[in-house]
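Letter by letter, the chains look like this.
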Amino acid sequence: MSDSDTTSFEDPSTREIVLAVVPKITGALSLGSSGWIAYNVLSDRHRRTKTYHQLLALMSLCDMVGSFAYFLSTWPIPQGLNMGWKKNSHIWASGNDATCTAQAVGIQWGVTTAFLNVALSAHYLLVIRYHATERSLQKYSPYVMVFALLVGLGLTVPGIFLGIYGNTNLWCWISPDFAACEEEGLSRDDCTQRAYNYRWAFYYGPIWTCIILITAAQAALLFSVFRSNINPPGGTQSTRPAKDGTASRPRSPRRPVGTSESFTSRGSRTRPLP
Amino acid sequence: MTGKFFNPDTGFAVLFLVVLCQPSQGFLNLFAYQRHRIFAKCAGCFGCGVSGGRHGSGSRLLSFFVSSSMPSKTAAIQGSAIENATTQNLTILGKDSTAASAAVPLESEAAAIEDPEAVVQDGGGAIGTDKREKGSNDESDCLLEEIYGD
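Protein chains in written order, with the numbering used here: chain W, -8 to 265; chain P, 8 to 157.
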C-alpha cells in the first residue's frame, strides 16, 4: 500500500483526523469572533448602555463558552475509552470523565445563545414594529437576560446529575451510556433511544422552539417593513404624542423607525453631549 | 436530528457538515453584526460596476441591510457635508430621487441636521463613531464607497 493510499480520504483514520481538526478551526474562529463582538460592545461605554448591545454581548459571551468547548473537540474525551469506530482510542483523546462532562456542559450551554437570539429578535420587533423606546426596553431587558440564563442552566445542569453526558465520538455531549443501561437491563437500542430522547428534551426541542419563535418574529417584522414601503409617501406621516404629551418627530413613511436606529435610544439622540 | 447516530464510515459527510457548521455560530454572528460594512462594500462594488444597477431588486435588498447603519454613518458626516449626505443616502436606498422622496428626509438625517453633534455621539451601530471628514463630496456614482469605504 502506497503512502497516498494510507492518507487518502477513504482511510477512516484520516477521517478521524479531519473530524477532530475541523472543530478546532471553526471553534477557534467562532471563539475569536464572539470575543471580538463582546470586546467591541463592552469596551464602549455608550454601547454598554444599549439594550441591543447588551443582548449581543451576553450572547457572544455565552457563545464563547460553547465555541471553546467545540474547539477542544476530542481532547476532553476519556483516554482509552474504546468507543471509536476503529476500536481504538479516539485521536488525541486525553481527558477523563470530569473533562468530558465539562465539555458537554459547555456545548449544552450553547442552547442559551438560541434563547438570547429570540430575545434579540423580539427586540427588533418591538423597536421596529411597535416603536418601543430604549427606556422601556431597558426596564425589561435584565429580566429577559436572567430568564435566558436560567433556561440555559435548566437545560444544562440536570444532565450532569442524570449522567447523560459522555463521549459522542466528535466531542462529549449527550450520549448513550451502554454500561449503565446494561445495569438497568435496557437493550442497546433502548439505550440509544433514551439518549435520543434526552437530546430532544434538552437540545433539539428548545432549539426548534427558538427557531419557530425567531421565524415568527422575523416574518412579522418583514411584513411590517414591506407594508411601510407599500404605503404612499407623504400620506402616512403621523405625529404620535409622546408620554409627556409633546408630539414626537414625524416618522419617515419610507423606512420605519428602528430600521436605521433600532439599536439606539431614540430619546437620547438629541441629548446634549455630556 | 434524524434519530440516527452517525459514524465516519457511513456518514462522514454528515459529520463533516456538523463539525463545520455547528461551532461556527460566533463567526456567523460577527458576519451579521458587521453586515452593514460587508453589504455596503458589496453594494458599493455592485453600484460602481453596473451603471444604474441600484434600482434592481438585488440592490434594493442590499440597501435594506445597508440602511440599518445609516445613522452612525450619517453621523460621521458633519457640517456642510450633511446636506449632501442626505441626498446621497436617499440615492443609496435605491429609491428614485424624486421630489416626493427627497421631500421626506429620513428621521436620522432630520436629526443630523437638527443636532449633528448629538447624532455623532449616538452612533449606536456597530461601526460606532468613527468620524470621517467629508468636506467636499463630488457627485459620484460610487456613493457607498465614498461614505462607507474604508
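Keep in mind the hints are simulated off the structure, nothing from the lab.
Here the structure is a predicted model, which is why all the values come from computation and not from measurement.
Beta carbons are placed, not taken as given, at the ideal position from N, Cα and C, and that holds for glycine.
One should not assume that every hint holds.
Computed beta-carbon distance windows for the label pairs [to be verified]:
1) P/C52 <-> W/R218: 46 to 52 Å
2) P/V21 <-> W/L140: 28 to 34 Å
3) P/V21 <-> W/P133: 22 to 28 Å
4) W/I151 <-> P/F13: 22 to 28 Å
5) P/N14 <-> W/E175: 47 to 53 Å
6) P/F38 <-> W/S4: 43 to 49 Å
7) P/F38 <-> W/I151: 30 to 36 Å
8) W/L141 <-> P/D16: 36 to 42 Å
9) P/F38 <-> W/D180: 38 to 44 Å
10) W/Y121 <-> P/L24: 36 to 42 Å
11) P/C52 <-> W/F138: 39 to 45 Å
12) P/K48 <-> W/D88: 45 to 51 Å
13) W/F138 <-> P/V21: 32 to 38 Å
14) W/G23 <-> P/T17: 32 to 38 Å
Derived contacts from chain P toward chain W, CB cut-off under 10 Å, selection only [said to hold, decoys possible]:
15) F23
16) P30
17) C49
Mind checking the hinted window 36 to 42 Å against the Cβ distance between W/L141 and P/D16? With a Cβ separation near 41 Å, W/L141 and P/D16 satisfy 36 to 42 Å, so the hint holds.
Cβ-Cβ distance between W/F138 and P/V21: within 32 to 38 Å? holds (34 Å)
Against chain W, with CB atoms and a cut of 10 Å, does the hint on P/P30 hold up? holds (4 Å)
For the hint 28 to 34 Å, verify it against the beta carbon of P/V21 and that of W/L140. holds (32 Å)
Is the interface hint satisfied for P/F23? The criterion is a beta-carbon contact with chain W at less than 10 Å. Hint holds; P/F23 Cβ to chain W Cβ min 7 Å, cut 10 Å.
Taking the beta carbons of P/K48 and W/D88, is their distance inside 45 to 51 Å? The hinted range 45 to 51 Å holds for P/K48 and W/D88, with Cβ atoms some 48 Å apart.
Regarding W/I151 and P/F13, is the given constraint of 22 to 28 Å on their beta-carbon distance met? holds (25 Å)
I want to verify a distance hint. Is the separation of the beta carbons of P/C52 and W/F138 within 39 to 45 Å? holds (43 Å)
With 36 to 42 Å as the target window, see if W/Y121 and P/L24 comply at their CB atoms. holds (38 Å)
Would you say the C-beta atoms of P/F38 and W/D180 sit inside 38 to 44 Å of each other? holds (41 Å)
Looking only at beta-carbon atoms, does the pair P/C52, W/R218 fall within the given range of 46 to 52 Å? violated (31 Å)
Is it true that P/V21 and W/P133 lie within 22 to 28 Å of each other by Cβ? The hinted range 22 to 28 Å is violated for P/V21 and W/P133, with Cβ atoms some 40 Å apart.
When held up to the earlier numbered hints, the structure conflicts with 1, 3, 5, 6 and 17 and fits the remainder.
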